[in-house]
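Q: Each protein sequence line maps, in turn, to chains A and B.
So for the first sequence, the numbering used here puts the first residue at 206; every next one is plus one.
So for the second sequence, the numbering used here puts the first residue at 206; every next one is plus one.
Heads up, a few of these hints could be off.
Where chains are identical, the list cannot tell them apart; a pair therefore holds if satisfied intra-copy or between any two copies.
[Claimed, not checked] No farther apart than 25 Å at their CA atoms in a straight line, the calculated lysine to aspartate or glutamate pairs in the DMTMM-like style are these: (1) Lys222 / Glu260; (2) Lys432 / Glu364; (3) Lys273 / Glu260; (4) Lys273 / Glu295; (5) Lys273 / Asp254; (6) Lys368 / Glu280; (7) Lys222 / Glu344; (8) Lys222 / Asp336; (9) Lys222 / Asp365.
Hint data in this document are derived by calculation from the structure and do not stem from the laboratory.
Fair warning: this is a prediction, and the values are worked out from it, not measured in the lab.
The primary structure of each chain is shown beneath.
2 protein chains.
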Amino acid sequence: MTNGPASDTTPVDPDDKPGRGVIDLLAMMAYAELVAFFRLSDDAGLAPDLAAKGELAGVAATEYGHYKLLRDRLEELGVDPEAAMRPFVEPLNAWHARTEPQSWLESLVKAYVSDGIAGDFYRYIADQTDDRTRALVGEVVSDTGRGEIITARIRAAVEDDPKLGGRLSLWARRLVGEALSQAQIVAAQRVELAALLAPRGAEAGEGEGRSEGAASDLAAVSRVFAKLTEAHSARLAAMGLNG
Amino acid sequence: MTNGPASDTTPVDPDDKPGRGVIDLLAMMAYAELVAFFRLSDDAGLAPDLAAKGELAGVAATEYGHYKLLRDRLEELGVDPEAAMRPFVEPLNAWHARTEPQSWLESLVKAYVSDGIAGDFYRYIADQTDDRTRALVGEVVSDTGRGEIITARIRAAVEDDPKLGGRLSLWARRLVGEALSQAQIVAAQRVELAALLAPRGAEAGEGEGRSEGAASDLAAVSRVFAKLTEAHSARLAAMGLNG
């Protein structure tokens with residue numbers, strides 16, 4: 206496959222149509238939802254019974270719906286959706302390959318942790334974009350009440366078997382570590398996307414004498430990641446796990 | 206797992222609420238849609254590109270929607286959906302295990318052939334039931350235009366490589382043979398469901414001196430299967446394959 210229109214040199218045009226950073230955001234989310242669909246479906250073998258399998262299929266079908274919304278928006282913007290998604294295939298596949306759940310509870314923790322941290326990440330970037338993009342991202346990452354169901358199940362399982370708490374806490378830590386690692390790779394490769402993570406105006410002043418270049422963007426990315434990790438700790442606590 | 210409310214001894218009550226045969230039909234279809242969801246998702250590895258993967262996810266998500274409709278209806282009828290589905294898990298899993306596609310084209314042929322023959326089968330049974338059931342079954346088996354897309358692709362592939370036609374024709378024959386084999390097992394085990402396949406009134410007279418028992422139902426099942434096979438041949442021709 207050759208590179209499509211998703212080249213890094215497309216000029217950003219914030220007033221008219223979304224720039225490269227927004228297209229990257231939508232494409233990254235679209236592929237994330239598509240791969241989540243297939244990965245969740247793969248977890249069916251871990252489901253304890255037929256009802257749980259059905260619920261899992263429902264969650265996966267919701268991910269497909271999000272993918273479709275994002276892909277349709279990319280087409281509407283005149284972008285080849287598959288070409289735009291391509292840069293994100295490898296990092297997202299790598300993340301999934303390195304975080305394959307070995308049990309039903311690991312699968313639930315993965316769904317909750319990754320939805321949470323990815324949702325915060327997408328929302329943070331979307332806040333730097335236009336209204337339309339922000340609304341779409343908000344719709345895709347909205348909590349559908351699934352978080353409460355998962356946290357209740359994990360809490361109950363950990364109360365039944367406290368040793369499980371330690372194992373699942375380690376698992377959650379690994380999930381986030383691997384996610385931040387892949388996100389760093391993406392941020393380093395996708396300059397316009399990373400630029401959306403750099404704080405603007407008053408927020409920018411931290412007395413570090415930063416330039417406006419890619420290196421400062423990467424520092425900004427790390428600061429965003431630190432914030433994401435704090436929210437992650439709150440989610441762990443909700444599951445009765447340790448950070 | 207113990208038997209749930211899906212016991213064979215529930216009396217049929219055609220005037221008030223659907224009898225055992227209808228519940229069997231809805232439960233069989235529900236599990237068929239759920240397992241199709243997961244099997245289609247499994248076929249993602251065979252998809253030639255990202256766009257095809259996305260389309261596949263869309264088809265699977267549609268199957269999930271059908272499962273949900275059927276499962277909701279079972280709940281509305283006061284039936285435990287999972288218990289009602291249980292008798293159909295083994296035959297449907299066996300069918301899928303014996304017909305695992307080895308290529309993208311085999312996966313497409315399987316989707317088209319199995320949707321077609323199962324749809325005819327469900328519609329035929331549903332015609333012997335109440336309006337509500339008939340409408341629900343009609344909605345679930347409605348052709349969404351997917352058939353035309355698949356047949357066009359298969360025809361094009363076979364025109365490009367005529368040898369493929371022979372191989373895919375054999376594959377289609379095996380799909381139907383395995384389907385009829387599993388359907389015979391189901392018909393032998395689910396008496397009320399098989400009874401819905403036995404022709405009524407004027408249609409019943411074929412001068413064979415049949416009794417109203419299970420043996421005649423099985424003969425009726427075979428006659429229905431003969432009809433299903435005829436419609437299957439028309440679908441093969443649409444794909445440019447031989448029966």
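Q: Tell me the numbers of any earlier hints that the structure contravenes, in ascending order.
A: Going through the list in order, the structure violates hints 1, 2, 6, 9 and respects the others.
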